[in-house]
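Engineer: The chain contents come next:
Number of protein chains: 4
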Amino acid sequence: MVAFSDGVIAIAITLLVLEIRPPHDTRHLLHGLATLWPSYLAYVVTFMLIGQVWANHHIMFDHIRSADRVVLFLNTLLLMDIAFLPFAASVLAEAFREGHGQRTAVVLHGTAFELLAVLFNVIWWYAGRDRRLLTDTIDSTSVAAISRRFRLALVWLATGTVLGALLPALGVAVFTAFILYYWFPIAGEIRAAKCRHDRGNQK
Amino acid sequence: MVAFSDGVIAIAITLLVLEIRPPHDTRHLLHGLATLWPSYLAYVVTFMLIGQVWANHHIMFDHIRSADRVVLFLNTLLLMDIAFLPFAASVLAEAFREGHGQRTAVVLHGTAFELLAVLFNVIWWYAGRDRRLLTDTIDSTSVAAISRRFRLALVWLATGTVLGALLPALGVAVFTAFILYYWFPIAGEIRAAKCRHDRGNQK
Amino acid sequence: MVAFSDGVIAIAITLLVLEIRPPHDTRHLLHGLATLWPSYLAYVVTFMLIGQVWANHHIMFDHIRSADRVVLFLNTLLLMDIAFLPFAASVLAEAFREGHGQRTAVVLHGTAFELLAVLFNVIWWYAGRDRRLLTDTIDSTSVAAISRRFRLALVWLATGTVLGALLPALGVAVFTAFILYYWFPIAGEIRAAKCRHDRGNQK
Amino acid sequence: MVAFSDGVIAIAITLLVLEIRPPHDTRHLLHGLATLWPSYLAYVVTFMLIGQVWANHHIMFDHIRSADRVVLFLNTLLLMDIAFLPFAASVLAEAFREGHGQRTAVVLHGTAFELLAVLFNVIWWYAGRDRRLLTDTIDSTSVAAISRRFRLALVWLATGTVLGALLPALGVAVFTAFILYYWFPIAGEIRAAKCRHDRGNQK
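Protein chains in written order, with this note's numbering: chain W, 439 to 641; chain S, 439 to 641; chain X, 439 to 641; chain E, 439 to 641.
Please note: incorrect hints may appear among the correct ones.
[Said to hold, decoys possible] Computed footprint of chain X on chain S, listed as stretches where at least three residues anywhere in the stretch have a Cβ under 8 Å from a Cβ of chain X:
| hint | region |
| --- | --- |
| 1 | 444 to 450 |
| 2 | 513 to 519 |
| 3 | 522 to 534 |
| 4 | 539 to 551 |
If you're looking for bench data, these hints aren't it; they were derived computationally from the structure.
Model, not experiment: these values are computed from the prediction.
Ideal placement from N, C-alpha and C gives every residue a C-beta, glycine not left out.
Build out the structure end to end from the sequences listed, making use of the hints.
Structural biologist: Following this line, the structure appears as structure tokens:
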């Protein structure tokens with residue numbers, strides 16, 4: 439199931455580029471390429487977010503021992519949402535390029551992101567009830583740390599969507615900050631990672 | 439062969455999104471997005487069905503020991519049908535959006551689904567003759583259970599296609615019910631799964 | 439390298455469907471779908487041929503012990519030709535639909551097929567010189583059998599391309615016969631396969 | 439991570455073909471196909487270059503023991519650049535076909551190539567600091583050889599981009615030479631490969 443999910447995520451992330459249409463007027467190509475900036479922005483934000491989703495999907499399923507039919511169903515919903523993102527990115531780019539409908543587009547994009555966070559939380563909660571589907575190697579501190587991480591995404595992306603309904607550019611800024619936050623670990627996490635690394639070397 | 443099939447299925451399921459074209463008029467983006475509902479419907483129904491196909495493809499080939507040239511040929515036909523589904527989904531969405539040709543579109547979609555069921559039945563029947571190509575670990579009760587499951591799909595999808603020729607919306611409803619039925623196991627299956635799980639734990 | 443090649447082949451085979459454009463006039467949908475028959479034909483012929491290529495690619499690389507830089511380069515050319523086939527299939531469909539340019543389209547399609555056969559022959563010849571890159575498990579009879587198979591493809595597809603330049607429909611018929619011939623083993627091969635199977639059972 | 443990267447690279451390389459649009463006028467199909475030569479050129483150059491990137495990505499990650507968050511982040515940037523190449527190839531083909539904007543198009547294409555080389559160098563430099571993330575099996579001579587190879591790419595592609603800004607055709611020629619140089623090993627490398635091969639046989 440993880441290999442299949444990897445495949446869908448890899449394809450969705452690569453299809454994003456199809457939404458950037460080359461300018462037809464090559465007489466003013468530099469200008470034409472410059473006016474596509476909303477497409478580049480939508481490409482970068484959505485690409486980095488799907489990259490995050492891929493990494494977190496692995497973190498989650500590394501700790502899930504076996505997938506029952508409910509997990510399979512929820513994971514299919516997750517993939518359906520991920521595969522939908524190239525459309526959302528395309529709508530976002532078009533709205534910013536045309537200068538109309540940005541609110542709607544940001545809310546659509548944010549809702550697709552938020553649904554991802556909801557599904558991550560539901561899968562993790564379902565697998566973690568009485569530790570039924572979790573591997574034995576994960577301790578409860580790590581389970582709680584992952585839960586916290588997923589809940590934060592839930593709140594952060596919901597905030598971005600709501601703010602985007604009021605002020606579209608602010609919504610995009612909140613999504614960008616989310617990506618940066620998740621890619622660049624805060625000091626505490628770095629220290630924790632260093633600890634793990636040192637312990638690993640001592641073995 | 440299973441890895442290659444997984445690849446084709448993953449790509450076909452992700453290409454579905456390309457059939458949802460972003461509205462060009464961003465002045466009334468919310469309205470434009472709303473009128474795309476047949477595309478979303480076709481996306482969800484076809485995505486969930488391909489998800490089912492993927493799961494059942496694994497269930498089937500987990501029990502097939504080796505694939506001879508006939509299995510390889512039939513599997514290629516199966517993949518050719520799966521890869522055709524984005525086109526069928528696109529035709530379905532267009533017909534419902536335009537308000538014309540829904541009967542034809544539902545019959546096309548249903549026929550592609552039905553052909554999948556036919557191929558699943560033929561491959562399973564071929565592999566199961568004298569248990570020639572089956573693994574030793576599967577007992578005859580399980581073989582019969584899978585056969586029953588595949589025959590039911592054959593009848594169900596044929597019914598949906600015929601009903602869809604009379605009343606398109608009814609056909610789509612029958613396909614949706616099919617997906618729900620296969621994702622949510624009936625009581626008996628749950629009990630059986632629990633048994634297996636308990637037995638697994640006792641080992 | 440085999441996994442990467444599998445990926446490219448799986449994607450190319452699935453992208454074929456994007457060349458079948460849904461008819462825009464849904465008022466006469468059945469008619470519209472019927473006029474797309476050249477697209478279905480190009481889809482089926484190219485899909486089955488790429489399926490063959492995939493199977494033969496595995497047969498070949500199962501016997502190649504290690505790939506040096508030359509094999510890597512030739513394999514990249516092979517993939518470049520496979521990935522080009524959706525374009526060739528699209529041109530073929532368009533020419534038969536419009537009723538013009540069928541000769542050119544069949545020659546383009548046939549040349550892409552022929553180039554595949556050339557590359558298969560070159561890779562196999564290169565790997566087989568003094569058995570440098572072959573595995574130890576393959577005997578010289580099998581090496582010769584594979585060589586014969588690849589040489590036949592070379593002649594068959596060249597014949598189809600030349601005949602297609604004279605009479606397009608005949609060229610397509612020769613390609614179709616080629617696919618059928620390779621999928622359905624001739625009597626001798628069946629007997630050989632049975633022998634192998636029996637010997638396998640006796641172990 | 440390597441499997442996911444392989445997936446994205448395989449998809450990006452295969453999506454290149456979508457940028458070659460079949461000519462609509464099939465009355466003069468041969469002429470129409472001939473005028474697409476810039477598309478074929480962009481297809482071949484970009485395909486061979488992504489093929490190179492794939493091979494070098496494997497060479498690099500074969501020697502990287504473990505990927506921390508920084509490597510994961512840099513690799514995601516690398517994939518984002520690779521997935522962008524079908525767009526750059528499409529712009530290149532359009533500019534040469536239309537006879538306008540070739541400078542801009544070559545600089546865009548070259549910059550995307552150059553960014554790849556930068557990211558390769560940064561990842562290799564980061565992983566190699568105090569040999570922190572490298573495997574134990576690689577000696578310092580090999581580390582230096584790979585570093586040299588990556589630095590050469592940096593200079594070569596930058597040169598091609600600058601020359602392309604002055605004379606577009608010259609830029610494309612420099613990129614082509616780069617691909618040929620990397621595929622066909624120079625005499626020294628061949629001798630080294632032969633040595634390795636001989637030593638391997640003696641074992």
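Engineer: Would you pick out the hints that fail for this structure and give their numbers low to high?
Structural biologist: Per hint list: zero violations.
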